Amino acid sequence: MYDVIIIGAGVTGCAIARELSRLQLNVLVLEKEEDVCCGTSKANSAVIHAGHDAQPGTLKAKFNVLGNAMMDQLSQELDFPFRRNGSLVLCFDKAQLPRLEDLLERGRQNGVEGLRIVTGEEIKTLEPNLSDEVQAVLFCPTGGIVCPFLMTIALAENACENGVCFRFDTAVSQIAPLAPRESNTQGEAALGWQITAAGGEVFETRCIVNAAGVYADVFNNMVSAHKLSITPRRGEYQLLDKKAGNLVSHTIFQLPGAMGKGVLVTPTVHGNLMMGPTAENLTDREAVNTTANGLDEVMEKGRRSVPSLPAKLTITSFAGLRASEADGDFVLGEPKDAPGFFNCAGIDSPGLSAAPAIGVYLAKLVADKLKAEPKPDFHGTRQSIPHMASASPEEQKVLIAKDPAYGNVICRCETVTEGEIVNAIRRPLGARSLDGVKRRVRAGMGRCQGGFCTPRVMEILERERHLNPLAVSKHGSGSELLAEATRQETELETEQVTGPEADGKGDRP
Amino acid sequence: MNLYDLIVIGGGPAGLAAAISARQSGVEKILILERDNELGGILNQCIHNGFGLHTFQEELTGPEYADRFIRQVFSLGIPFKLNTMVLDISRTDTDQKLVTAMNREDGLLQLYARSIVLAMGCRERSRGALNIPGFRPAGIYTAGTAQRLVNMEGYLPGKEVVILGSGDIGLIMARRMTLEGAKVKLVAELQPYSGGLQRNIVQCLEDYDIPLKLSHTVVDIHGKDRLTGVTLSEVDASGRPIPGTQERIACDTLLLSCGLLPENELSEKLGVTLSSVTGGPAVNESLETDIPGVFACGNVLHVHDLVDYVSEEAGRAGIHAAHYIEKHKNTGDRGPKPCVTLTLRPEGGVRYTVPQTIRPAEMEKTLLVRFRANAIYSNCTVSVWLDDVCLLHLKKAKITPGEMQQLTLKKSDLEKAGASGSLVIRLEEASHENA
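If you read the sequences in order, they're chains X and W.
To convert, note that position 97 of the first sequence is 97 in the numbering used here; the numbers rise steadily by one, no gaps.
To convert, note that position 262 of the second sequence is 771 in the numbering used here; the numbers rise steadily by one, no gaps.
Don't read these hints as lab results, they were simulated from the structure.
Only pairs whose alpha carbons sit at most 30 angstroms apart, straight line, appear in this in silico DSS-like list of lysine-lysine: (1) W:Lys590 with X:Lys402; (2) X:Lys312 with W:Lys722; (3) X:Lys397 with W:Lys590; (4) W:Lys733 with X:Lys301; (5) X:Lys242 with W:Lys590; (6) W:Lys538 with X:Lys397; (7) X:Lys243 with W:Lys778; (8) X:Lys124 with W:Lys778; (9) X:Lys312 with W:Lys733; (10) W:Lys778 with X:Lys397; (11) X:Lys312 with W:Lys778.
Residues on chain W that point at chain X, a partial pick, calculated with CB under 7 angstroms: (12) Met594; (13) Gly616; (14) Gly637; (15) Asn640; (16) Pro642; (17) Phe644; (18) Thr654; (19) Leu658.
Which chain X residues stay away from chain W? Per the calculated CB distances, all over 10 angstroms, these: (20) Gln73; (21) Asp79; (22) Arg116; (23) Thr119; (24) Asn129; (25) Thr170; (26) Ser224; (27) Ala225; (28) Ser229; (29) Asn246; (30) Glu334; (31) Pro339; (32) Gly380.
Please read these numbers as outputs of a predicted model, since none were measured by experiment.
Using N, Cα and C, we set each Cβ at its ideal position, and we do this for glycine too.
Between the sequences and the hints, there should be enough to build the whole structure, so can you do that?
Right, dumping it as structure tokens:
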């Protein structure tokens, strides 16, 4: 019997897991994919919003501002990249100026600090490559950018180091109350849930945290009469080469519309330039495919803000699904008719920014319910994988002296070494696939998109994970990269096994 | 201080040939830096034959061709470092070049050189750069990556294959995958003509009944985990998909052979000016970039069709580097003397030339100029003009973009040019297929 089972290892699930790991609780995270950060958390704007968008009084407004304020300390404790680059909301039309002022006022009500409207020549001083049509901008100094992969991975690793268990490739198919309960039962004894996984495995737990992203309504609706309805809202993005990374230094928004904050243009913490998202309501919760129209729209709208965006420098494109709940706000906490079942649903934008604060809030609710005590040996810091590309020559020398693998460059575009890749695989909740390696150390994330390093990373995964080469995958089961050994290779292997020279040296299974 | 006369960046066909000719021209302290675990570069995965017809009058495989050069490197005692990634090249105050590199054994290396030959080769255009919409499953490879997996690692990436782009590596891989038991369903090419060599279209596609669909491209990618299919569409003259021509093709593998990009990140960091057409450094008759003492050759300079031409060009780069080093050592001469520099202007169907500039005073008696056409031309003429004088007039039955062209200019013709001389190379056609 677990104390808490968290469904979903996205950024909110992992933030809650990390907060719960401060307490003397037996916590398990169930994730249907093979790694953390495989859903909405991996495909979004990677922006820590200042907090002026949400209507005052909403959970979105509250937790965005709280989460934003936590980021400096959290990124230091957990050693992931975060930068307050500031953001700008552009107004192209003087007639729209009142809307910009509304946004400023809303931001002030939400508690966002340092907001001001900038007009005239100062606009180009702030951001020289903006369109000449920009009439005014709302400058938000507290806006920031983050690496959503490394943030989620850091939260998960720290939770794991403090005793939280993670089960991957485990999709939840059923949730039911553990014992028949009567509506008037007040006793703690009745509290408990049974979770059945797709493979038939059964887990028992006192509490559930539903952080299942675009599937969160499905799980809520299994246990509560207070139905939720989540629409997957697709957003497509384009990522540009680092050569374009300095085109803007702030995150550039346009005045928001009904479907969201519009297409933004932003530098990333790794030095690329990103534009997106589109906003398209779908029914398919797995439709993370990009479309020709969507990608065109991203470029076209991005160019309204920054006319010189170079299409030729696109290195990849992707799409994510926002978990957009019908009422438009986050859904946090227990439904009245499902005690011990805590929702963390409808986490669309500004979900990434709010995640740290949601983690604290949800963990408090659960802790109060279970009357949990703090864990005396909680260790709240975590060290990231050394990053050779940004290390000083002295640091590089030290790392190579300690482990020569840090001198062996595997990904040439991002200068990622074998040492970093091995570290990414061996650490707690380490990478198991090509994409897992990529999210942790950026091998294959550069301009050649893995053309050079893919076979080399596959070889390291094979060696470190003791995998049959045919089992090495892009992102888990079903995405295996190779079909079969070639004819020559098969013959060679047969010869080796049957020949008198066979010495059994190989460590491959 | 580790001061070399010449550091060659890259131990592929270009780097090897440059180092060999530099040594044969008397350069003593040479070092080749290679990022892979053996010399030979991409040739090591090109196990098909067809290499060396021009250089050795024999048909060799890629590894055999590379081996001829590697043996020379050994017998000339030219040192090299393997598994060594060059991270940066910069200029020092004394106009030497500082090369920062890294490997397991030496750790971080800082090496100085009087002269550099850039021979880093090229990379393949990726799915992301092509911006093909759809899902992002396993099973999408550039043709060269697939070639490495099949020929060097010994694994077939998939069984039902669609190839986008009819570049030579794609054509070669169509045959290779077929021979390994995969079903290659088709090769789609956006252009109305193939970018590959005619002999490869015959030997790799036609001989195996693999259809080549010209003016077609992939417009969607299906399958969340492993590729399950692609949507193919015919395109109009400007490359836009024609509505109603979409067709879904089931496959588990998509290979991309959609162009090669000279890999010049190091050159750019060093401050070398690149040509926007070739993607490689702009060079003069000595294959020298606009940074004195920095030379370029092979696919980092411009993408070649045959490795024989790479070796020939790299050999010249090595000789020019040797001249530079000698002059530099003897006179301490820092920069080029002022002299007439002519810009070779491509006109008509000429897409680019290498070299881009010529200093007649620095020319050998003759100079080989290579160029490519921007489309297919039949019954055409290539002419070279200095001001209003025609220096050269050649008739050609057919010129295609996939096959590199060449012509020879004479020093005696160019010597008389003034500083404002206009040098033009023009390709004109009697009948233009794409008109």
